[in-house]
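Protein chains: 2
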Amino acid sequence: MGRYLVISSDCHAGLRPERYRDYLDPKYRDVFDVALPIQIQETEAAAKKFLVADINAEWRKGREQPLSGAWDHDERVKVLDGDGIAGEVIFPDGITEMNMPPFGAGLSLPTENVDPELQWAGARAHNRWLVEFCQMAPERRAGVAITPVLWDTDTAVQEIHWAKKHGLAGILIPSRWGKLDAYHHPKYEPIWAACEELGMVVHLHSGSAPMEDYGDHQGMMGIYITEVVWWSVRPLWFLIWGGVFERHPGLKLAITESTAIWVPEALQLMDQRYSESHYSAKLGDFRSHLSLKPSEYFRRNVFLGASCMPRREVELRHEIGLANIMWGSDYPHPEGSWPYTRSQMVESFRGVPKDELAAMLGGTAVALYGFDTEKLAPLVARIGPEESAFHA
Amino acid sequence: MGRYLVISSDCHAGLRPERYRDYLDPKYRDVFDVALPIQIQETEAAAKKFLVADINAEWRKGREQPLSGAWDHDERVKVLDGDGIAGEVIFPDGITEMNMPPFGAGLSLPTENVDPELQWAGARAHNRWLVEFCQMAPERRAGVAITPVLWDTDTAVQEIHWAKKHGLAGILIPSRWGKLDAYHHPKYEPIWAACEELGMVVHLHSGSAPMEDYGDHQGMMGIYITEVVWWSVRPLWFLIWGGVFERHPGLKLAITESTAIWVPEALQLMDQRYSESHYSAKLGDFRSHLSLKPSEYFRRNVFLGASCMPRREVELRHEIGLANIMWGSDYPHPEGSWPYTRSQMVESFRGVPKDELAAMLGGTAVALYGFDTEKLAPLVARIGPEESAFHA
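Chains as they are written, first to last, in the working numbering: chain H, 89 to 480; chain U, 89 to 480.
Next comes chain H alone, as it looks inside the complex (with noise of 0.2 Å):
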């Protein structure tokens, strides 16, 4: 009987708080031991703020195991294997509100109130404990290093090629970037061009959004819930435009749990930007840097971390584009699929293809982040959905 190699390309891992210190360069521990009590109050806070303190705790009833999984590995195999889950992209911030890497070094990478320097430590700290954390299942884990790019190039670069070296499979890099220089910026090509030349694949993650337009006002939260796609996507545009691709056509880009249902009508706009017309002519000329049209980028340089694929982006695949859809659990993060993923994809996925539902579910996920498939053949032999579930 057939079963489906499936990668997760959207997971998320870390420690409690408190346990990054012995991953931290020493020298920053005594700044740590002030800042870590106002992390874990300011952190409370924002939860207190974002999510409902009831539903959440009603919510984690009984889950309490399978969320240590964020930072315990046995715990992890276990709800993976539950999950049919083969291999995974582990981003940070395992447990939403709980896991966060200290000095904002967390999946927003904010800008503002944070120090360069301690913000990269923070980063540093998570990395590391990510790479021993990965090392404890290498076959089935990606690592995708936490780098706040968008201060020093080179301090950037050195991680780079610090995290290729110890098995990491690519790099986070903020979605928003405040007030500092934005991605057609030819600051940072010395970042595309280390990441094009090791194959380390770069990440945009959605959860970054300017809660300081939003206020305490009533409706900011479904404002934010509305928006929020948007400002991880954002940065698509700004590096397709300013030629990062058409410089470097094999750097990759993945766009993590922001929807897939915008592409068609994204790409359309760009090309239609991109022709010749009455309308974009009168604008200078922002196309003779650009050997092709924007969706040819698209199409051959930038992925999608389709977590939670609902039926409706499923059917709209080939428009959105096959091969640049890899399905995602989002574990441990409440929004995600687990740990019913095994009948949630049923319902997403159920009449497609299987060659296609094998390059979504995991095939793409594999060219690009190489995982070994011979390696996982067993794993998946024995805990991978079967696709007579999906062709009933």
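Take every hint as true, because none was put in to throw you off.
Calculated lysine-lysine pairs in the DSS-like style (CA-CA distance at most 30 Å, straight line): (1) 149/H with 166/H; (2) 136/H with 275/U; (3) 267/H with 275/U; (4) 267/H with 136/U; (5) 136/U with 381/H.
Which bits of chain H does chain U cover? Going by a derived footprint, with three or more residues having C-beta under 8 Å, they are: (6) 308-319; (7) 323-330.
Hints were generated in silico from the structure; no laboratory data involved.
We put the beta carbon where it would ideally sit given N, CA and C, even for glycine.
Fit chain U to the given chain H structure using the hints.
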């Protein structure tokens, strides 16, 4: 033979910079005299950065006369008659780079490097002139008052009353608020209440975008034209989630020259977020203050100034919302359909059922702005596009 009543929901008018002096409060004229050469210099520099000088100059050749319709009544009437347009909604900045009101009171209403008092003075100067200009053909012209509402609310409410009293049809508000309060802030309540009470349509018009993010790097113009529409649409979800349309069921918002293609997706996204779900439940109670779904507010309260609507959007008119669409010509901007409106219209709308076409070309705008169809009837009989052209 039947003819369509056409209203352009997107036209522009404005004086040459130096001529705003006469419409300014006398106490601001000394500042004006100092600021004028600087404004002209800056506008020229911006135009140089923004527009390809050669293409722009080439395009202008032979168009000097129709372009002067930006401020000249007789020339304007000629162009509109030639295009078959009976009535129009008039925004500022007649000629993109030549008709901005003083002190940053133009279409994009910036919040940086402007003085609130002076910006209001510039806005009032334009509004005074606009009243005169509309009164030269009151049955054909619905003027939109410039209102930099982000500063002092009382000032804004006063100007809204003044504008209503002097026959203007609505207000233009900034689509971006910079560091000031976004539109779900309770402080704006008196503004929404005044507009609802007086039947003044609130307008957002595309154009403004965070240029500081783009810099001067390669690709900046491609980035701008990719995301500019998003920046003018963005206030929509601040208003919807903020409960503004819940509290003001009679308030009308028009989003102008911002395309219509984003509508089905945006409404679906917001409705999905509004619906109870595992994903959104954890994020707090942001629904209890809304008795309708986001799309229901949109259908009731929001209109699209669909400038030069392309065929692709026409085909999607039912998904976008037939009753929300108002065609526009964007005269005298270079990206507008003039002076070829008649043929462009046929290209876009050929084969559309008569009642649907009548609504999009004029009927919906007539109802929204209160144009008097009886007074316009003789004009329509003379200049209106013939029905037969669309249904051959």
